[in-house]
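Colleague: Chains as they are written, first to last, in our numbering: chain A, 1 to 746; chain B, 1 to 81; chain C, 1 to 81; chain D, 1 to 237.
In short, the hints are calculated from the structure, not lab data.
One or more hints might be untrue.
[To be verified] Pairs of lysine to any residue residues, derived as SDA-like cross-links and limited to a Cα-Cα distance of at most 25 Å, are as follows:
#: 1; chain 1: C; residue 1: K40; chain 2: C; residue 2: E80
#: 2; chain 1: B; residue 1: K40; chain 2: C; residue 2: S12
#: 3; chain 1: A; residue 1: K53; chain 2: A; residue 2: V371
#: 4; chain 1: C; residue 1: K40; chain 2: B; residue 2: D45
#: 5; chain 1: A; residue 1: K414; chain 2: C; residue 2: A24
#: 6; chain 1: C; residue 1: K10; chain 2: C; residue 2: K40
#: 7; chain 1: A; residue 1: K331; chain 2: D; residue 2: E36
[Stated by the list, open to error] Counterexamples of contact, computed for chain D against chain A with all Cβ distances above 12 Å:
#: 8; residue: M1
#: 9; residue: S17
#: 10; residue: A20
#: 11; residue: S38
#: 12; residue: A71
#: 13; residue: A73
#: 14; residue: E74
#: 15; residue: T122
#: 16; residue: Q134
#: 17; residue: A151
#: 18; residue: D152
#: 19; residue: V153
#: 20; residue: S159
#: 21; residue: V174
#: 22; residue: E193
#: 23; residue: G232
[Claimed, not checked] Negatives, chain A to chain B, calculated, CB over 12 Å:
#: 24; residue: D3
#: 25; residue: V20
#: 26; residue: R61
#: 27; residue: R140
#: 28; residue: G197
#: 29; residue: R211
#: 30; residue: P375
#: 31; residue: E576
#: 32; residue: R595
#: 33; residue: L621
#: 34; residue: D643
#: 35; residue: N663
#: 36; residue: D686
#: 37; residue: R713
The beta-carbon is built from N, C-alpha and C at its ideal position, and this holds for glycine as well.
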Amino acid sequence: MNDEVLERHGLTREEYDRIVRALGREPSETEIGIFSVMWSEHCSYKSSRVHLKKLPTRGPRVLQGPGENAGAVDIGDGLAAVFKIESHNHPSFIEPYQGAATGVGGIIRDIFTMGARPIALLNALRFGPLDGPDGVRTRRIMDGVVRGIGGYGNSIGIATVGGEVAFDEPYAGNPLVNVLCLGVAPANALVKGTASGIGNPVYYVGAKTGRDGIHGATMASAEFDDRSAEKRPAVQVGDPFMEKLLLEACLELMQTDALIGVQDMGAAGLTCSTCEMGARGGAGVEIDVMHVPQRETGMTPYEIMLSESQERMLLVVKKGREAEVERIFEKWDLHASRIGEVTADGLLRVKDRGRVVAEIPNRALVDEAPVYNRPVKRPAYLDEVRALDVASLTIGRPAADFRRLLASPTIASKAWVYRQYDTMVRTNTIAAAGLTAGVVRIKGTERALAISTDGNGRYCYLDPRRGAMLALAEAARNVACAGAVPIGATNCLNFGNPERPEIMWQFVEAVEGLAEACRALDIPITGGNVSLYNETDGRAIYPTPVIGVVGLIEHASRTLTRAFAADGSSIILLGEGTGELGGSEYLKLVHNRVRGECPSIDLARERALQALLARAAADGLLLSAHDCSDGGVAVALAECCFDTGGLGAVVDLTPELSASHENLVSAATLFGESASRVVVSSRVGDEPRVLELAATRGVPARVIGRTGGTRLRVGVAGAVAIDCAVAEAEQIWSGALEMFFRRTAA
Amino acid sequence: MKARVFVTLKPSVFDPQGKTIADALHSLGYTGVADVRQGKFFEIDVEARTADQAFHVASEVADKVLANPVIESYRVEIPES
Amino acid sequence: MKARVFVTLKPSVFDPQGKTIADALHSLGYTGVADVRQGKFFEIDVEARTADQAFHVASEVADKVLANPVIESYRVEIPES
Amino acid sequence: MKFAVVVFPGSNCDDDSYHAAKHVLGQEAEFIWHKETSLKGADVVILPGGFAHGDYLRTGALARFSPIMGAVAEFAKRGGPVLGICNGFQILLEAGFLPGAMLRNRDLKFHCEHVIVRVEQTETPFTLRAAKGQRLRIPIAHGEGNYYAPADVVQQLESSGRVVFRYCDERGDVTERANPNGAVNGIAGICNEARNVVGLMPHPERACEGALGSADGLILFESAVAAMAQEGVMRTA
Ligand SMILES: Nc1ncnc2c1ncn2[C@@H]1O[C@H](COP(=O)(O)OP(=O)(O)O)[C@@H](O)[C@H]1O
Ligand SMILES: [Mg+2]
Chain A
1 MNDEVLERHG
11 LTREEYDRIV
21 RALGREPSET
31 EIGIFSVMWS
41 EHCSYKSSRV
51 HLKKLPTRGP
61 RVLQGPGENA
71 GAVDIGDGLA
81 AVFKIESHNH
91 PSFIEPYQGA
101 ATGVGGIIRD
111 IFTMGARPIA
121 LLNALRFGPL
131 DGPDGVRTRR
141 IMDGVVRGIG
151 GYGNSIGIAT
161 VGGEVAFDEP
171 YAGNPLVNVL
181 CLGVAPANAL
191 VKGTASGIGN
201 PVYYVGAKTG
211 RDGIHGATMA
221 SAEFDDRSAE
231 KRPAVQVGDP
241 FMEKLLLEAC
251 LELMQTDALI
261 GVQDMGAAGL
271 TCSTCEMGAR
281 GGAGVEIDVM
291 HVPQRETGMT
301 PYEIMLSESQ
311 ERMLLVVKKG
321 REAEVERIFE
331 KWDLHASRIG
341 EVTADGLLRV
351 KDRGRVVAEI
361 PNRALVDEAP
371 VYNRPVKRPA
381 YLDEVRALDV
391 ASLTIGRPAA
401 DFRRLLASPT
411 IASKAWVYRQ
421 YDTMVRTNTI
431 AAAGLTAGVV
441 RIKGTERALA
451 ISTDGNGRYC
461 YLDPRRGAML
471 ALAEAARNVA
481 CAGAVPIGAT
491 NCLNFGNPER
501 PEIMWQFVEA
511 VEGLAEACRA
521 LDIPITGGNV
531 SLYNETDGRA
541 IYPTPVIGVV
551 GLIEHASRTL
561 TRAFAADGSS
571 IILLGEGTGE
581 LGGSEYLKLV
591 HNRVRGECPS
601 IDLARERALQ
611 ALLARAAADG
621 LLLSAHDCSD
631 GGVAVALAEC
641 CFDTGGLGAV
651 VDLTPELSAS
661 HENLVSAATL
671 FGESASRVVV
681 SSRVGDEPRV
691 LELAATRGVP
701 ARVIGRTGGT
711 RLRVGVAGAV
721 AIDCAVAEAE
731 QIWSGALEMF
741 FRRTAA
Chain B
1 MKARVFVTLK
11 PSVFDPQGKT
21 IADALHSLGY
31 TGVADVRQGK
41 FFEIDVEART
51 ADQAFHVASE
61 VADKVLANPV
71 IESYRVEIPE
81 S
Chain C
1 MKARVFVTLK
11 PSVFDPQGKT
21 IADALHSLGY
31 TGVADVRQGK
41 FFEIDVEART
51 ADQAFHVASE
61 VADKVLANPV
71 IESYRVEIPE
81 S
Chain D
1 MKFAVVVFPG
11 SNCDDDSYHA
21 AKHVLGQEAE
31 FIWHKETSLK
41 GADVVILPGG
51 FAHGDYLRTG
61 ALARFSPIMG
71 AVAEFAKRGG
81 PVLGICNGFQ
91 ILLEAGFLPG
101 AMLRNRDLKF
111 HCEHVIVRVE
121 QTETPFTLRA
131 AKGQRLRIPI
141 AHGEGNYYAP
151 ADVVQQLESS
161 GRVVFRYCDE
171 RGDVTERANP
181 NGAVNGIAGI
191 CNEARNVVGL
201 MPHPERACEG
211 ALGSADGLIL
221 FESAVAAMAQ
231 EGVMRTA
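Put together the whole structure using the sequences plus the hints.
Modeller: Written out as structure tokens, the structure reads:
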């Protein structure tokens with residue numbers, strides 16, 4: 001086998017030798033293709049697998065951990081929440097609309113293949129700055145991504161209830177598009193991606209197979225450079241209508257007991273679905289590509305096996321039930337094609353008109369894929385960036401900085417984004433988009449699910465271990481602010497090239513930090529996705545773990561949002577800051593520095609805070625809750641005033657000194673991003689009970705002010721630092737993003 | 001001067017829109033319709049003295065704004081008036 | 001046989017897409033572009049023995065399905081092959 | 001009272017209309033698959049939101065060829081109340097039940113948000129319980145809701161009192177700013193000449209419970225129930 005062939009397939013010489021050993025002979029071309037996609041980083045997790053094992057995945061509620069199409073947790077009433085996050089970074093950079101749209105399509109399939117009805121979508125996005133040298137391109141990418149997410153999700157009729165958008169230079173050449181889907185299934189009827197039962201027929205249903213996306217999985221496993229343009233045909237066009245038909249037909253089929261297993265054909269298409277289903281069931285799968293519906297003529301078995309055409313499913317059904325299955329698909333104008341059957345020999349056998357063109361043990365493709373424990377090295381940049389010389393900062397007026405922060409795209413309202421998403425279809429959305437974590441009620445029960453995604457690349461750049469902890473803590477805190485108890489998490493790990501020891505170090509640190517935080521907060525990881533090689537021309541993104549947390553609200557009617565609810569309520573700050581400015585939005589925006597130590601976190605205290613929130617919400621003691629994140633307590637207070645019709649607040653904060661300079665005190669107090677802090681409000685008279693609850697749990701809590709009037713007044717130790725009409729602040733905040741797009745085109 | 005730009009998905013790219021329309025036509029009894037592909041088409045009014053010049057501007061615009069070269073190809077025509 | 005159907009908004013109907021593209025082109029410095037109108041264009045593969053027959057089928061399809069007469073007009077072309 | 005909710009393959013607000021009719025209102029409700037040819041004795045027909053047949057060509061363009069549409073036409077001709085919501089409205093336009101057509105929103109963006117509409121006409125089965133000029137806070141969720149009709153048709157709609165809903169601001173004024181999509185004269189919904197077929201872009205079925213942010217949409221469903229009750233009285237009398 002010559003090097004050129006291996007390089008084209010992204011295989012090393014050692015990997016090739018392994019293939020020969022697994023087969024006991026030289027592979028055919030089709031077999032090389034099959035191995036190459038299954039052993040690609042994207043499918044095999046070969047660089048990440050040893051580390052992902054460190055994540056806690058078990059818990060009393062976990063019904064399905066990692067390994068299936070999606071994870072699942074028990075939510076009572078005989079139901080399961082099924083959810084997973086997935087990245088579509090590379091395709092979205094090449095073709096923003098379709099890349100993002102097909103990302104949404106892919107994650108929805110992962111959910112309904114589990115037997116769940118998808119009820120909510122979220123998206124976590126990272127782009128470069130909207131202005132500056134790459135501004136035009138970035139705006140075009142963002143516009144396309146947002147339209148693509150909406151185009152797919154709105155059509156298929158799944159509410160997009162949340163997400164996040166942040167902007168930073170390292171994403172200019174490599175935006176991140178992570179999408180999360182949440183569904184609900186009967187807890188005792190989760191469907192698996194398993195092939196079993198010798199002689200059971202294997203069906204193919206959905207769109208026809210074309211040459212699109214061949215080697216998409218391999219593309220997602222390589223860096224970008226100026227040659228990437230050649231790999232472009234890997235982008236596909238999404239067909240939400242087809243997916244809607246598949247969704248309804250599959251859910252209808254799952255009402256019968258004719259189905260053994262199902263998996264969607266995502267990355268590595270037919271190859272991945274056949275061998276993974278076989279491997280899970282300990283069975284063989286034999287198919288003849290002749291029966292695979294084809295869109296183009298003259299496709300080779302190689303092309304058919306590697307195609308990543310969208311909206312296709314593979315099903316194994318019970319022998320003797322074929323007519324019933326076919327009838328359900330016909331109802332939805334879908335044609336189910338029988339392409340093969342389950343065998344006893346554990347092999348993936350691919351035939352072309354009866355002639356065998358590939359014959360590989362399923363285990364060799366799936367379980368025996370190479371695993372690397374890649375070298376790690378602490379990056380040299382760390383010592384330099386962690387040093388923050390506060391004395392060198394020229395401190396301005398807090399009131400002006402406050403306005404600038406409100407207008408910063410990362411902090412400003414994302415209404416321009418989510419107004420383009422259908423946030424309410426299926427009439428489950430309790431907390432309107434933008435108000436808090438997404439909250440969807442579960443019809444037929446008293447309950448609701450809250451869900452949030454979070455991740456701060458800047459923190460992780462400064463300290464990937466702590467940054468990952470902070471990401472999980474923030475996501476969990478956000479659902480806790482809605483009044484929910486966090487019950488499960490999913491994660492999307494976006495990093496650079498793992499073959500560079502410095503990147504690998506970031507990765508390992510982040511995974512270990514996440515694992516520690518999950519254990520401390522008692523939130524199991526039920527699944528996720530790893531996206532590596534997020535680099536363009538050798539420049540990596542910030543290490544960016546994005547964490548999605550699902551929380552359970554026992555009484556949907558007790559759901560909290562961030563907006564102050566009434567004039568004259570008491571404002572209480574739960575938790576306390578230490579004026580930490582390292583890695584903050586303030587430092588970046590006002591002083592153009594990405595430096596310092598990212599905020600510290602005490603996980604035990606975080607857990608106590610979240611438990612306190614759930615309890616106080618359930619007891620009806622709170623009127624609103626909002627966590628302090630980007631922009632610190634000042635921005636959090638402002639956000640509590642927004643969407644209230646202009647309700648103001650008067651607040652006085654205790655100065656936070658920490659180690660910082662004296663002239664920095666008010667900035668640090670107002671804009672520092674210390675973790676584990678939440679602004680809540682309660683009726684006058686209820687605050688003693690809130691404070692008492694907090695005291696018993698060891699959570700610092702203090703009444704800091706009261707709602708009322710039409711201005712937001714924030715003092716630090718009695719000296720007024722911010723005094724701004726809410727209407728004015730809200731106008732800045734809500735109009736900032738839109739300004740960038742006003743004059744851009746379709 | 002008028003220029004026309006036709007933007008179509010590249011032949012290798014799946015066209016769900018065309019496919020859905022073709023399916024609908026079949027179910028309406030137009031069985032003789034084998035295939036439909038849907039594209040976009042733009043009529044552009046450009047200030048230009050020669051057809052060549054108009055062609056040039058329209059091509060540039062098509063390349064930069066109207067088509068995404070990753071999945072689409074385009075064709076420019078200057079109709080004789 | 002191939003037939004092409006062009007569907008355009010009637011002149012009396014405002015075309016927000018064309019307008020947006022024209023604005024974008026202006027902001028990109030293409031000041032010579034006076035006006036843009038966007039339409040749809042379909043390539044249909046019809047079983048037909050003569051160009052006339054193909055024209056007939058395509059026109060019917062355009063009339064019944066592809067264009068909405070309230071806002072759109074259409075034109076059918078059978079390109080010489 | 002029985003509501004029929006027609007299900008096209010790409011309908012996605014079918015469950016929502018069903019839920020509103022059945023669980024919020026406590027009426028009977030039944031899904032009718034688009035390939036069927038009978039409405040099975042329904043009293044009210046709802047064409048729900050969604051993207052009926054993918055809508056890649058034009059919204060609602062292919063739905064008029066669905067087998068059920070013959071029965072819907074029959075039902076409408078006999079005076080039965082038909083409500084088209086969002087995609088359902090688009091289908092009613094494409095199928096010729098109502099005049100006009102939908103263009104893309106003037107800013108080319110999909111809009112999902114609460115808007116305010118003013119009830120212009122109460123002499124329809126879906127507004128009879130509302131007051132003229134009453135303002136309803138109801139969500140929209142569409143990319144193509146920019147209602148258009150030739151000037152003479154608009155003129156006729158206006159003069160015959162067939163504009164049923166109009167986008168307005170909080171004070172009830174019809175302004176450019178309050179118009180989310182560019183619809184001519186701020187038109188959000190219209191009815192046919194016989195006034196029994198109503199189409200509107202906003203989603204009343206999404207505004208039937210306070211927990212979802214507004215219950216203002218309920219009045220359309222309650223009106224339908226009242227209308228049928230009246231008719232029942234008339235029938236038995
Ligand atoms: N891409 C997006 N899609 C949908 N909703 C979004 C998106 N980005 C932000 N939001 C919503 O805007 C609100 C504010 O987001 P963010 O500032 O990240 O919240 P927080 O700081 O509380 O985590 C949240 O309700 C979030 O769900
Ligand atoms: Mg946040």
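Colleague: Verify the proposed pairing of B/K40 with C/S12, using a straight-line Cα cut of 25 Å.
Modeller: Measuring from Cα to Cα gives roughly 20 Å; hence the hint holds.
Colleague: Taken at face value, is the distance from the CA of C/E80 to the CA of C/K40 at most 25 Å?
Modeller: 21 Å, holds
Colleague: Just checking, A/G197 versus chain B, shortest CB gap more than 12 Å?
Modeller: Given a closest Cβ separation of 33 Å, the condition holds.
Colleague: Against chain B, does A/D643 keep a CB gap of more than 12 Å to every residue?
Modeller: 37 Å, holds
Colleague: Should the label of D/S159 as a non-interface residue stand, given a Cβ cut-off of 12 Å to chain A?
Modeller: Since the minimum Cβ distance to chain A is about 35 Å, D/S159 lies beyond 12 Å and the statement holds.
Colleague: D/E74: least C-beta distance to chain A exceeds 12 Å?
Modeller: 24 Å, holds
Colleague: So is D/D152 really clear of chain A, every C-beta pair being over 12 Å apart?
Modeller: With a cut-off of 12 Å, D/D152 remains clear of chain A, as the shortest Cβ separation is near 31 Å.
Colleague: Measure nothing beyond the straight line between the CA atoms of A/K53 and A/V371; if it is 25 Å or shorter, mark the hint as holding.
Modeller: The hint holds at about 12 Å.
Colleague: Closest CB-CB distance from A/R140 to chain B, is it above 12 Å?
Modeller: Violated, because the least Cβ-Cβ distance between A/R140 and chain B comes to about 10 Å, which does not exceed 12 Å.
Colleague: Taking the minimum C-beta separation from D/A73 to chain A, is that value above 12 Å?
Modeller: Since the minimum Cβ distance to chain A is about 23 Å, D/A73 lies beyond 12 Å and the statement holds.
Colleague: Is the Cβ of A/E576 more than 12 Å away from each Cβ in chain B?
Modeller: 51 Å, holds
Colleague: Is D/M1 truly not at the interface, in the sense that its beta carbon sits beyond 12 Å from all beta carbons of chain A?
Modeller: D/M1 clear of chain A: closest Cβ-Cβ about 20 Å, beyond 12 Å.
Against the hints set out earlier in the document, violations occur for numbers 9, 10, 27, 29.
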